[in-house]
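Peer 1: Residues per chain are reported as follows:
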Amino acid sequence: MSYINNIKKIFLVDDEYDLAMLFKLGLELEGFIVDMFVDPLAALSFFKNDYSSYDLALLDIKMPNLNGYELCNEMVKIHNKIKICFITAFDVQKEDLQTIPIDPNSILILHKPISIKFMIQRLKEQKDSIR
Amino acid sequence: MNEMGKEFIFGITRIISEPIKIKNLLIDLIQSATFEILLILPTSNAFLRKNRIGVMQILKKMTEDNPKLLARILTPTNNIVDKIIKTVLVNNYDGNGTKIDIKSIEETSEITINTVTIIVIDRKISLVIEKEDDAKEDFMEAIGSATYSSSRPTVLSYISIFQILWNESKLFEKLKTHDKMQKEFINIASHEMKTPVQAILGYIELFNEYPDTNNKIMDAIFRNAIRLQKLTQDILDVTKIESNTLILHKESFNLNEKIRSVLEDFNKGIQANSYNKNDHFVNIVYKTKLLEKDILIYADKIRVYQVISNLLNNAIKCMHKTKGGNITISTIENKKDNKVTVGIKDEGTGIDSEIMPNLFNKFVSKSENGMGLGLFISKSIIEAHGGNIWAENNLYNDERGSTFFFSLPLF
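Sequence lines, in order, name chains E and L.
Sequential numbering of the first sequence, starting at 5, is according to our numbering.
Sequential numbering of the second sequence, starting at 21, is according to our numbering.
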């Protein structure tokens, strides 16, 4: 088990199956527990029923039916202690996160394509004190 | 010969200095028009001044009362001008299209006239009004003198000035639309390509660190490399189509044979997108209803393969949800048009009525793995051969799914 700044269990949502599997595999090999979803609606539904065990949500932005921002908003309503990390091929910057009801500075944004090593390093850098 | 007669034959050119006469002449001329009014305005303020003396209202009424009358206006615009155009001049009510065609003159244009108002009536009379002081709100205070002409060479010269500016405006509109489409295309393309690139780089990274997971990883890398290749090929094809440089290498061959060879590849899993989400394998049975005889066509073999392949892949994709079924490919000869029609029928989810009108446009029918270019490319290929492509939902006999058709000229 890996305790990296108290991140143990990760809630991963990406509609691209290969990428979701990639991140899941990479993170699990580093000792995280990862639950992966390719359907954002199914993910939200699951999250409603079992949210307290997750420390971090790793979310893609461009998804059908419910995009990453919308999903994030819903999830934060349910469990406001969860850390948020967006991983996206879009050129998203902090300014684009105005509509989300959390401090944008506490949200980590990772841009695809990203090396798994780098992703894990960035997750390690996330400090507890921000949220 | 009377004055009118002389004027008609020889034409006259006259300078008018009194503002009130100019204003009255302007309105009289507009009201005398029978088939055409050409109007160039130098500034947005000039547009607004004309509006205040009722010119726009008169134009609207004239075109409404006389269906043969066509007015074309070139004007610089700003928010207020736009508003007036939308509320006063644009005819939303009848379906016959607007008889007042307005194009804006771009401020950034090299060729521009910002010192005079030019109006040409029925290609035989011109009135050119000098703009003296653009800051004045009142028409009569803003203008200088005006030149009236019914002399053919003079009137023709103003018509050509109008035409040059009009064409430039059309080109500029086209350019802006094209630019916008290019940007959109590049944005979407680069976004789409990041996904397989991420997969390839990420999985290779894991491959080196953790040899135990190699098999799955190699599969994923291979899949995504193919996906990336397809993306780049599609992008190239679209670029060629858009720049009209798509070259067809035609030869005569048997269409039935080509169809059979595509199906053989699909059965072997070579062409099909055989990566299935969540390991649900889609059970597809390919059926054929091909004409007995050889069907000779003169076409680009590779491109025809590409079209058939694209349509089959789409059929498979839409049958993911319905967990498999039959795909039927048929050929029908149309002796009257000397064409052959190929039909590819699936038992999938059918085509959304919202998507139907735009089915063959770019980015519309986006699948999980594509940019939505396949049908656009297929359409371009088929039409380049002189054929047609279309689709319908299988509503007869309560069948589900849809059928895509394309026709090609027989050899």
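For the record, the hints were derived by calculation from the structure and aren't laboratory data.
Where hints are given, some of them may not hold.
Straight-line alpha carbon distances no greater than 27 Å define the calculated DSSO-like cross-link-like pairs of lysine-lysine that follow [as the list claims (entries may be wrong)]: (1) L:Lys200 <-> E:Lys66; (2) E:Lys66 <-> L:Lys341; (3) L:Lys307 <-> L:Lys341; (4) L:Lys203 <-> E:Lys98; (5) L:Lys214 <-> E:Lys28; (6) L:Lys382 <-> L:Lys200; (7) E:Lys98 <-> L:Lys214; (8) L:Lys203 <-> E:Lys66; (9) L:Lys270 <-> E:Lys12; (10) L:Lys41 <-> L:Lys151; (11) L:Lys214 <-> E:Lys121; (12) E:Lys66 <-> L:Lys250; (13) E:Lys66 <-> L:Lys343; (14) L:Lys194 <-> L:Lys214; (15) L:Lys214 <-> E:Lys66; (16) L:Lys236 <-> E:Lys13; (17) E:Lys28 <-> L:Lys151; (18) E:Lys28 <-> L:Lys250; (19) L:Lys236 <-> E:Lys121; (20) E:Lys128 <-> L:Lys214; (21) L:Lys307 <-> E:Lys66; (22) L:Lys151 <-> E:Lys66; (23) L:Lys341 <-> E:Lys52.
Distance windows between CB atoms, simulated [claimed, not checked]: (24) L:Lys307 <-> E:Lys121: 47 to 53 Å; (25) L:Asp154 <-> E:Gln97: 55 to 61 Å; (26) E:Lys98 <-> L:Thr132: 54 to 60 Å; (27) E:Asn69 <-> L:Tyr230: 47 to 53 Å; (28) L:Val305 <-> E:Leu114: 51 to 57 Å; (29) E:Ser119 <-> L:Leu195: 36 to 42 Å; (30) L:Lys343 <-> E:Asp39: 49 to 55 Å; (31) E:Lys85 <-> L:Glu262: 47 to 53 Å; (32) E:Lys85 <-> L:Leu195: 33 to 39 Å.
Small disclaimer: the values here were computed from a predicted structure and weren't measured.
C-beta: ideal position from N, C-alpha, C; glycine also.
Peer 1: Regarding the pair Lys66 (chain E) and Lys341 (chain L), is the alpha-carbon distance no greater than 27 Å?
Peer 2: With Cα atoms ~21 Å apart, Lys66 (chain E) and Lys341 (chain L) stay inside 27 Å; holds.
Peer 1: Given the proposed pairing of Lys214 (chain L) with Lys121 (chain E), does the C-alpha separation stay at or below 27 Å?
Peer 2: Judged against 27 Å, a Cα distance of about 18 Å means the pair holds.
Peer 1: For the range 36 to 42 Å, tell me whether the beta carbons of Ser119 (chain E) and Leu195 (chain L) fit it or not.
Peer 2: holds (41 Å)
Peer 1: For Lys203 (chain L) and Lys66 (chain E), compute the direct alpha-carbon distance and say whether it is at most 27 Å.
Peer 2: holds (19 Å)
Peer 1: Hint says 49 to 55 Å; check whether the CB-CB distance for Lys343 (chain L) and Asp39 (chain E) agrees.
Peer 2: violated (25 Å)
Peer 1: Given the range 47 to 53 Å, decide if the beta-carbon distance of Lys307 (chain L) to Lys121 (chain E) lies inside it.
Peer 2: holds (50 Å)
Peer 1: Are the Cα atoms of Lys214 (chain L) and Lys66 (chain E) separated by 27 Å or less?
Peer 2: holds (13 Å)
Peer 1: Are Lys98 (chain E) and Thr132 (chain L) spaced within 54 to 60 Å by their CB atoms?
Peer 2: violated (43 Å)
Peer 1: Between the alpha carbons of Lys203 (chain L) and Lys98 (chain E), is the straight-line distance 27 Å or under?
Peer 2: Holds. Lys203 (chain L) to Lys98 (chain E) sits at ~23 Å (cutoff 27 Å).
Peer 1: Are the Cα atoms of Lys270 (chain L) and Lys12 (chain E) separated by 27 Å or less?
Peer 2: violated (61 Å)
Peer 1: Please work out if Lys214 (chain L) and Lys28 (chain E) have their alpha carbons no farther apart than 27 Å.
Peer 2: Satisfied, since the Cα-Cα distance of roughly 18 Å is no more than 27 Å.
Peer 1: Taking 27 Å as the top limit, are the C-alpha atoms of Lys236 (chain L) and Lys121 (chain E) close enough?
Peer 2: holds (20 Å)
The structure is inconsistent with the numbered hints 9, 14, 17, 21, 22, 25, 26, 27, 28, 30 and 32, although it conforms to all the rest.
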